Every structure is written in structure tokens, then in C-alpha cells.
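Protein chains: 2
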Amino acid sequence: MILDDVLARIDDDLPQAIDRLMALLRIPSISTDPTFATDCARAADWLVADLRALGFDARAAATPGHPMVVGHGGEGSRHLLFYGHYDVQPVDPLDLWHRDPFDPALEDTPKGQVIRARGASDDKGQVMTFLEACRAWKAVHGSLPGKLTIFLEGEEESGSPSLIPFLQENRAELTADLALICDTGLYEDRLPAISTQLRGLAKAEFTVHAAARDLHSGSYGGLARNPLHVMTTLLAGLHDPQGRVTIPGFYDDVEELSDTLRQQWQGLAFDHAAYLDDVGLSIPAGEVDRTPLEILWSRPTAEVNGLWGGYTGAGFKTVLPAEAHAKVSFRLVSRQDPEKILTAFRTWAEAQIPADCRITWHDEIKGSPASVMAITDPAFEAARAALTEEWGRPAVFIGEGGSIPIAGYFKTVLGMDAMLVGFAKDDDRIHSPNEKYDVESFHKGIRSWARILARIA
Amino acid sequence: MILDDVLARIDDDLPQAIDRLMALLRIPSISTDPTFATDCARAADWLVADLRALGFDARAAATPGHPMVVGHGGEGSRHLLFYGHYDVQPVDPLDLWHRDPFDPALEDTPKGQVIRARGASDDKGQVMTFLEACRAWKAVHGSLPGKLTIFLEGEEESGSPSLIPFLQENRAELTADLALICDTGLYEDRLPAISTQLRGLAKAEFTVHAAARDLHSGSYGGLARNPLHVMTTLLAGLHDPQGRVTIPGFYDDVEELSDTLRQQWQGLAFDHAAYLDDVGLSIPAGEVDRTPLEILWSRPTAEVNGLWGGYTGAGFKTVLPAEAHAKVSFRLVSRQDPEKILTAFRTWAEAQIPADCRITWHDEIKGSPASVMAITDPAFEAARAALTEEWGRPAVFIGEGGSIPIAGYFKTVLGMDAMLVGFAKDDDRIHSPNEKYDVESFHKGIRSWARILARIA
Numbered sequence: 018m019i020l021d022d023v024l025a026r027i028d029d030d031l032p033q034a035i036d037r038l039m040a041l042l043r044i045p046s047i048s049t050d051p052t053f054a055t056d057c058a059r060a061a062d063w064l065v066a067d068l069r070a071l072g073f074d075a076r077a078a079a080t081p082g083h084p085m086v087v088g089h090g091g092e093g094s095r096h097l098l099f100y101g102h103y104d105v106q107p108v109d110p111l112d113l114w115h116r117d118p119f120d121p122a123l124e125d126t127p128k129g130q131v132i133r134a135r136g137a138s139d140d141k142g143q144v145m146t147f148l149e150a151c152r153a154w155k156a157v158h159g160s161l162p163g164k165l166t167i168f169l170e171g172e173e174e175s176g177s178p179s180l181i182p183f184l185q186e187n188r189a190e191l192t193a194d195l196a197l198i199c200d201t202g203l204y205e206d207r208l209p210a211i212s213t214q215l216r217g218l219a220k221a222e223f224t225v226h227a228a229a230r231d232l233h234s235g236s237y238g239g240l241a242r243n244p245l246h247v248m249t250t251l252l253a254g255l256h257d258p259q260g261r262v263t264i265p266g267f268y269d270d271v272e273e274l275s276d277t278l279r280q281q282w283q284g285l286a287f288d289h290a291a292y293l294d295d296v297g298l299s300i301p302a303g304e305v306d307r308t309p310l311e312i313l314w315s316r317p318t319a320e321v322n323g324l325w326g327g328y329t330g331a332g333f334k335t336v337l338p339a340e341a342h343a344k345v346s347f348r349l350v351s352r353q354d355p356e357k358i359l360t361a362f363r364t365w366a367e368a369q370i371p372a373d374c375r376i377t378w379h380d381e382i383k384g385s386p387a388s389v390m391a392i393t394d395p396a397f398e399a400a401r402a403a404l405t406e407e408w409g410r411p412a413v414f415i416g417e418g419g420s421i422p423i424a425g426y427f428k429t430v431l432g433m434d435a436m437l438v439g440f441a442k443d444d445d446r447i448h449s450p451n452e453k454y455d456v457e458s459f460h461k462g463i464r465s466w467a468r469i470l471a472r473i474a
Numbered sequence: 018m019i020l021d022d023v024l025a026r027i028d029d030d031l032p033q034a035i036d037r038l039m040a041l042l043r044i045p046s047i048s049t050d051p052t053f054a055t056d057c058a059r060a061a062d063w064l065v066a067d068l069r070a071l072g073f074d075a076r077a078a079a080t081p082g083h084p085m086v087v088g089h090g091g092e093g094s095r096h097l098l099f100y101g102h103y104d105v106q107p108v109d110p111l112d113l114w115h116r117d118p119f120d121p122a123l124e125d126t127p128k129g130q131v132i133r134a135r136g137a138s139d140d141k142g143q144v145m146t147f148l149e150a151c152r153a154w155k156a157v158h159g160s161l162p163g164k165l166t167i168f169l170e171g172e173e174e175s176g177s178p179s180l181i182p183f184l185q186e187n188r189a190e191l192t193a194d195l196a197l198i199c200d201t202g203l204y205e206d207r208l209p210a211i212s213t214q215l216r217g218l219a220k221a222e223f224t225v226h227a228a229a230r231d232l233h234s235g236s237y238g239g240l241a242r243n244p245l246h247v248m249t250t251l252l253a254g255l256h257d258p259q260g261r262v263t264i265p266g267f268y269d270d271v272e273e274l275s276d277t278l279r280q281q282w283q284g285l286a287f288d289h290a291a292y293l294d295d296v297g298l299s300i301p302a303g304e305v306d307r308t309p310l311e312i313l314w315s316r317p318t319a320e321v322n323g324l325w326g327g328y329t330g331a332g333f334k335t336v337l338p339a340e341a342h343a344k345v346s347f348r349l350v351s352r353q354d355p356e357k358i359l360t361a362f363r364t365w366a367e368a369q370i371p372a373d374c375r376i377t378w379h380d381e382i383k384g385s386p387a388s389v390m391a392i393t394d395p396a397f398e399a400a401r402a403a404l405t406e407e408w409g410r411p412a413v414f415i416g417e418g419g420s421i422p423i424a425g426y427f428k429t430v431l432g433m434d435a436m437l438v439g440f441a442k443d444d445d446r447i448h449s450p451n452e453k454y455d456v457e458s459f460h461k462g463i464r465s466w467a468r469i470l471a472r473i474a
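As you go down the protein sequences, you meet chains A and B in turn. Numbering follows the numbering used here, with no gaps: position 310 of the first sequence is 327. Numbering follows the numbering used here, with no gaps: position 351 of the second sequence is 368.
Next comes chain A alone, as it looks inside the complex (with noise of 0.2 Å):
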């Protein structure tokens, strides 16, 4: 079998794989310091120089910041675009560290060999699994997998201040038939999942304001309306006691998890007790009658990230005051739609407070729908079987809570939806001291992208 010719490749051609990136991983490409802005220049042409060598058609596209790299090859009736990122987190507090992040080195450890570097798992291990893959099937085959094209960014961990007009101004050429995301990661040790929901988010902020200016709890205490209270009132009556948001039409356009899902999640067996556990926390919280993995992938929340009011320093000072502030934030899935959503809140809001106080809304309020991809698209049972196949385990369609940026961006300025694999470990210390990827990690992921090419490309 040709796959076989190039999963050996692979494996035989690992040792050079891990000097290449080894290579990308000692140009300190922190995108966030403009001190590296010519280091991110470096990563990027060494980026372009590498796809080049590859067959591709490849250049380093200049931004406001750092550049985009992007790279054309290959032919196939489905055009893949692959997307990664270059840019590294900083390194503080580098004294942390037990070897200098941008000196890689291979290191055994009792769970066996890491490749320990800032960058190594986010993104660069990552972004070469692909690129590996790419040139082993190259070398058997003497062409690309498929139709590909390939997209780096440089900002991923500043913002990506340049990444939406950037995908604006280059519609055309950047859109796919399906994007292929590697920044995530297994979803235990030696399970492989694809990403295929992401929750979206909403957000308001608001006043509520009761008397035209601050009060004196001794000459109005009981007879002035507080708006703290107010406040307190609204921000409580936000979900029932089954833990369920009270706001009228919330969960109209929530749907139900498909019976393969769910049975796919429950066969996670997630332990939901050791993740609260390792937080401090004991109680679920949400939704009494919905399993924590529906709470935190596929159902929406009403959360309070930021609420103030009256007087906040040291001592006392027995205000009654004139306003009451909060933030409040929505996780949204399935098709429930931002904008609506917010609506549905401001009118229920206003409708709780007394008639002699009112609510301001601040006007910088955005949001984002959930990505949940098509995965009756076959591409993702097909790249679900390969990495079954290389993993020895059932891989598994997972949720995710937050949103993933560039899966959304992809979706709403392009239309494509996206295929989120990757093959992090949640022990890889990403954005922290001493980051390291498991050479199991990079090598499986190789051959898991040559597996996924070989059905889908």
C-alpha cells in the first residue's frame, strides 16, 4: 500500500523531522514584543523557504504586523486550506525555566520523550506535523496529497489585529472547500478528537441607575430605592433554581445533541469531579438535568464576569449609591443568535427593574455565534476513521466551551467550515515555563495527517 510506503517515510525520516523543527523553534518569533518583530520575519521566510523546497508556492505577505505566510501546491478535486501560527508567547518568568525556551532539546521523562521549547506544542510542533506529512507523502509519491493550500499567521498570541482584513482582502484566494486547524489538542493522552462545536459569545454591559445622585443610607435607608439591590435582584433572577437562564426565547434555537454525539461524549466517561476538583471546586454548577460535558460544550450560559457599584475602598462609607454597573457575558450554541439574544436580555432586564429607575446599555456590545461544523460532511467521519486507525483508539467529535477565533473568522468572513485536529496534551505547559511536546505527539500527529490526506485529499 502506497499509505504504508508513506507512514514508513515517516518514521524512518523522524530523526531529520525533529532537527527541522528544531531549527523553526530557535528563532524567538514572540509576537507580542516588537523587540522579535524581525525574529517573527525570520520564522515566517524560514516558513516560506521550507514550503518552497516542499513544491509549494509560497510567499511571506506583508501586514501592519507580522506577515502571513502563504503557500499553494498540489492538485485534487477538494481544496484543503491548512491554517497554524508562527508567533510564540513570551517567555516570562524565564527564570522558571530550566533551559534556555528558544535552546530545544530532546528530554526523557518518566512519560517518555519531550521536545521541550517555547513553541515546541503551540504552535510550531503543531504547524510541522502537517508539513511533515506533506514531504514524506512527497517523497514517496513525488507530489502533494492533494489540493493545498497553506496559511500561517504571525499575531495568533497578540490578538491577531491583522488576520480579519487580511482574510478580507484576500477572499479568493484563501477560501477552501474545508479548513484543516491544528492548534488544539487530544482530548486525553492517547485519544484523538476532532473539534466540531465551539460555543459562541455575547456580551453586554449596563447601568442601572436609581436616584440622580448618591445618598445617605441615614437620611434615605429604606425609603431610597438602592440600585445594588436592583442589580442584585436582576443578576439572581437570571437562571430558575434548576439552574436554567429565565430569559423569555433563550433556548428557542437550542437544539438537542444528536444521539451519535451524545453517545460519543458519554463514552468519554468525562470526570467532571477531578476537573472541578483540580479548581477548588466540589458542585456542579448549570443546568441540574443536562450531563457537565452537554454544560460546558453544547448548552448555553448566562454568566456575570464583572458587576460593581457603591463604595469599593478601605473602611465604610454607608452610600446608598446613584448607579449599579455589570458586565454580563453569553455562551451561545446551535443557531441561537447573538444579536437576538441580547435583545431578549435588555427587554427581560428592563422589565425586572422598579419603574422609577432605568438601565443604560454601553454600545461596544459584540458578538459571535457558535461554530458547529457540518460533520455530515464525510470528510470528518473519514478523518475521524484515519485517526482511529493510528491512534488505536475510537476517536471522538468533541465540543468545545470558548470559541476558537480563527474557526469563527473562517466561517463568518469566508463561509468554510473548519476541521479542528490537533495533538496537544494538557500537560504541554503551553504559555507557560518550560513548554514541551511529546515526540509521541509529533510523530503520531505526522502520521495522522498522512492518514487524513490519504482519505480526504
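I should point out that these hints are in silico values taken from the structure, not numbers from a laboratory. Quantities reported herein were computed from a predicted structural model and do not represent experimental measurements. One should not assume that every hint holds.
Said to hold, decoys possible - Some chain B residues judged to face chain A by a derived CB distance under 7 Å, without partners named: (1) 157; (2) 159; (3) 220; (4) 245; (5) 249; (6) 299; (7) 318; (8) 320; (9) 321; (10) 322; (11) 364; (12) 367; (13) 368; (14) 371; (15) 418.
Unchecked claim - Estimated spans, in silico, between C-beta atoms of each pair: (16) B:205 to A:375: 46 to 52 Å; (17) B:205 to A:269: 54 to 60 Å; (18) B:372 to A:286: 20 to 26 Å; (19) A:236 to B:40: 32 to 38 Å; (20) A:258 to B:352: 35 to 41 Å; (21) B:189 to A:236: 32 to 38 Å; (22) B:368 to A:236: 30 to 36 Å; (23) B:185 to A:112: 51 to 57 Å.
C-beta: ideal position from N, C-alpha, C; glycine also.
Based on these hints, arrange chain B on the given structure of chain A.
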């Protein structure tokens, strides 16, 4: 009648009394600003000299701050202590004054003649009403109207730091049968009032702890307990839908208003709509089955004075914070004990929260009980009759929603009740630019004290 002679003497001497008050008003005795420390001492010396001229054995007693003026004189079976303060508020913003705040003048206004100067109403004018009553009495009778102690403070506008130690160190000298305090106002423009009950205060500051660290609402939202929700639910539950505080035992030591006081208060026809409208509100809060005056004067409250947690800066952070904070105070009435109320609150609050959350309480909690004067003491009815005679309208016993610290200290440190009688008006602009005292307040205030002293001294 001898009282008539005293009143006639007061009328005749009014121009000279105004001159004397103006001399005192010319001394800029601002207690908060060290620049004016010698002026404070000068004001104290001026009063000591005036008291000596009236036959008092008077001195300016040094304190770590500004001096206390103490004088003893006269004879009688009931020992009365008169309290007032000679220090004044700062005058900023100076450019809003029509004239130099320490160059007093008589001004004609549509509502009558006023004395314009800082301290005219708060509290030099009110202090001098009492001293002028003594002066007229002495002129007519050759002696003071009774056994009197004069006690004038110079730090009232700066938190009275020396007061409690001074009371403790001079307990025997300052303990009388009853204190007379002249630092309050008429109920309406021409309706005299005696404040006979002042609400107490208990304060609690606490933190609700949930997770061990701040969490991301994408990864944990819905499943992990949000302490802001715990806090809002806790605080929203402080009152039931009828506006009653829900803490068990909270009302145990609250007494119902006596029929006598209820009748007097009903006679006041308190315009709560105007009172609320003045601060931009229209709907009374608080217990639905209580009158507005009861709510303000004789019912306890639970109020949130400060509330904060999560992200409160500009923009948005979808954080589930680890902690939420609040400052809560209780206005107390009747025999409610601050410590007992705070204990009940703590017990109640800790029973409300989920088992994996906890509350920490800040230690600096302090409280003071309500001051409820023993109006069964015939001096109160006698003073009420005297005020009724002078002003031609039935004087009333009223309440105060806030505590007046000096009345509390006289009670807690010296075990002495106080009768609060004052002649200030709501439009006196105390603490503000263009403070004034009506000549009518000053004139009838002097006459009021002469009448009161004739009955009770």
C-alpha cells in the same frame, strides 16, 4: 412674669447678640486644615472669655487635636450639659461664595433676613442661641438659669478624634442628668422638633470564595460556580417580596412605635413623594406595610453599600472570578444589638451558599445601637411645650434615620440621654458655599432656650 422679662431682654439685645455671633464667625476655625489650628484655638479662647463673662468657670482644655471648651456654672436640682461645636467646614469652592465666608453680614432675602457666613448655622449660630439665652437670663435674674455645664468641641467637622478619650478621661466632670444638643434643625420652616430616636448602625464586609483561581468562562462556564452569582443570589435574598429583611431573628428586638409618637408623626404629613422626587425617585422602597416616616426613622434596614468582583475595567474579560466582595450595613432601631444582628447575618449568609464556596469576614466590623431617648423623662414634654409656645405650632418628637455620633457617645460613654433641639433650616446650605442662618432661627432659638430652661433647669 419673670420669663417675659427674659424674653423682652432677648428681643432688646438682639442686635448686640448678632454682633457677638459675627465676632465669632470672623474666626476661620476650620478644623480639618492644620493651617487654621491657631484660629481654632482663638475661637475656643473667645468662647472661654464669653463664658467667663457670663459667670461660668470656663477653660479651653488641650487635646491632641483642637481644644475642648468646658464651663460650669449656676445652681439647680437638675444638672444639664449643653453641647455644640465651634469648628466649621472648609469653604471650597471659594468662587461659589457671594462674599468672603469669614466676613459675616446681614442680608435681606425673599424669605427674611439672614446671617451669611461659614458656620452661621453649623454650628456657631446654634451654639450662641444657648449662650445668649443664658446672658439674658443672667441680666434679668443676676444668675444663670440652672446648674449648667457647657461643652463645646472643636473637631466635630473632622471626625472628633479626641472626643471619646476626652469623655472617658473627664467622665465625672461631664456626666450630667441630661444633655442638650443644638446641632439639628426645625422639621419644617417653622415647626420645632426634638429628635428623640436615632437609628444605630452595624457594618459587615465579606468575600465569597468559589474556585481557587480565576477561570475562563469558555472552559468552565456553566459548570463551575460563579461567586458573582452566589453573591447576587445571597444579597437578593436579604429581603422578601414585602421588603422585610429575611435574616432569622432580625426583628426580635424591634419595638412598635408608641401611639403617641405615631400620632405626632402622622401629624407631620411627611411628603414622601417630594422627598423622593428631590433625588429623582418616585416609588418608596422598603416594607410595604409601613409608612415612609416609619421606614426612615423607626424601622431597621439592610443595605448593600459596596459590591465588586470580576473584571471591572474598560472592555470585557470573560472571567469567572474566584471571589466576590460586598459591604453591607444595617440601620438599627429599638433594642437591636449590633453584635447579635451581625452574628445572625453571618449565620444566615453562610447557610445560603453552596457547600463548595465559603465566606471570609473582615475583622474591622463595628456597630452602635440605636439611641432611643427616655421621653418618659418629663423634661422632654416640658421642652416640647416650651417650643410649642414659642413657635405657635405643636412641637413634635421626631426620629433621625442616621446616627448623630455625639448623642451615641453621651449614651455609651457617659450613660447620659440627650435632647436634640435645633433651629437650622433645610436651606441653610451647611457644608456648602453661602451658608446662612435665619435671623428668625437665631432670635426664636434664643427665646426657645430661655423657655426650655425656665421649665426644666
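So, going through the hints one by one against the coordinates:
The closest approach between the C-beta of residue 157 (chain B) and any C-beta of chain A is roughly 40 Å, which is over the 7 Å cut-off, so the hint fails. Given hint, residue 159 (chain B) at the interface with chain A, is violated; its Cβ is 44 Å from that chain's nearest Cβ, farther than 7 Å. Against a cut-off of 7 Å between C-beta atoms, the interface hint on residue 220 (chain B) holds, since the closest Cβ of chain A lies about 5 Å away. Among the interface hints, the one on residue 245 (chain B) holds; its C-beta lies about 4 Å from the nearest C-beta in chain A, closer than the 7 Å criterion.
Here the hint on residue 249 (chain B) is kept, as its CB sits about 4 Å from the closest CB of chain A, short of 7 Å. For the restraint placing residue 299 (chain B) at the interface with chain A, the shortest Cβ-Cβ distance is roughly 4 Å, inside the 7 Å limit, so the hint holds. With its C-beta approaching chain A no nearer than about 4 Å, residue 318 (chain B) sits inside the 7 Å limit, and its interface hint holds. Look at residue 320 (chain B): its Cβ gets to within about 5 Å of chain A, closer than 7 Å, so that hint holds up.
Interface restraint check: residue 321 (chain B) against chain A, minimum CB-CB distance 4 Å, threshold 7 Å, status holds. Satisfaction of the interface hint for residue 322 (chain B) is found here, the shortest Cβ-Cβ separation to chain A being roughly 5 Å, below the 7 Å cut-off. Interface hint at residue 364 (chain B): violated, since its Cβ lies 20 Å from the closest Cβ of chain A, which is beyond the 7 Å cut-off. Contact between residue 367 (chain B) and chain A, as hinted, is not supported at the beta carbon level, the nearest pair being about 16 Å apart and thus beyond 7 Å.
Residue-level restraint check for residue 368 (chain B) is violated (minimum Cβ-Cβ distance to chain A is 15 Å; threshold 7 Å). A cut of 7 Å between beta carbons decides the hint on residue 371 (chain B): the least distance to chain A is about 5 Å, and the hint holds. Satisfaction of the interface hint for residue 418 (chain B) is found here, the shortest Cβ-Cβ separation to chain A being roughly 5 Å, below the 7 Å cut-off. Distance hint check for residue 205 (chain B) and residue 375 (chain A): the Cβ-Cβ separation is about 32 Å, which falls outside the suggested range of 46 to 52 Å.
For the hinted restraint 54 to 60 Å between residue 205 (chain B) and residue 269 (chain A), the CB-CB distance of approximately 57 Å keeps it satisfied. Range check, residue 372 (chain B) to residue 286 (chain A): about 25 Å between beta-carbon atoms, so the 20 to 26 Å window is met. Remark: the range hint 32 to 38 Å for residue 236 (chain A) to residue 40 (chain B) is upheld by a beta-carbon distance near 33 Å. About 37 Å separates the C-beta atoms of residue 258 (chain A) and residue 352 (chain B), a value consistent with the hinted range of 35 to 41 Å.
Look at residue 189 (chain B) against residue 236 (chain A): about 36 Å separates their beta carbons, and that is inside 32 to 38 Å. For the pair residue 368 (chain B) and residue 236 (chain A), the supplied restraint of 30 to 36 Å holds, since their beta-carbon distance comes to about 33 Å. At roughly 55 Å, the beta carbons of residue 185 (chain B) and residue 112 (chain A) sit within the given window of 51 to 57 Å.
Comparing the model with each numbered hint stated earlier shows that hints 1, 2, 11, 12, 13 and 16 do not hold.
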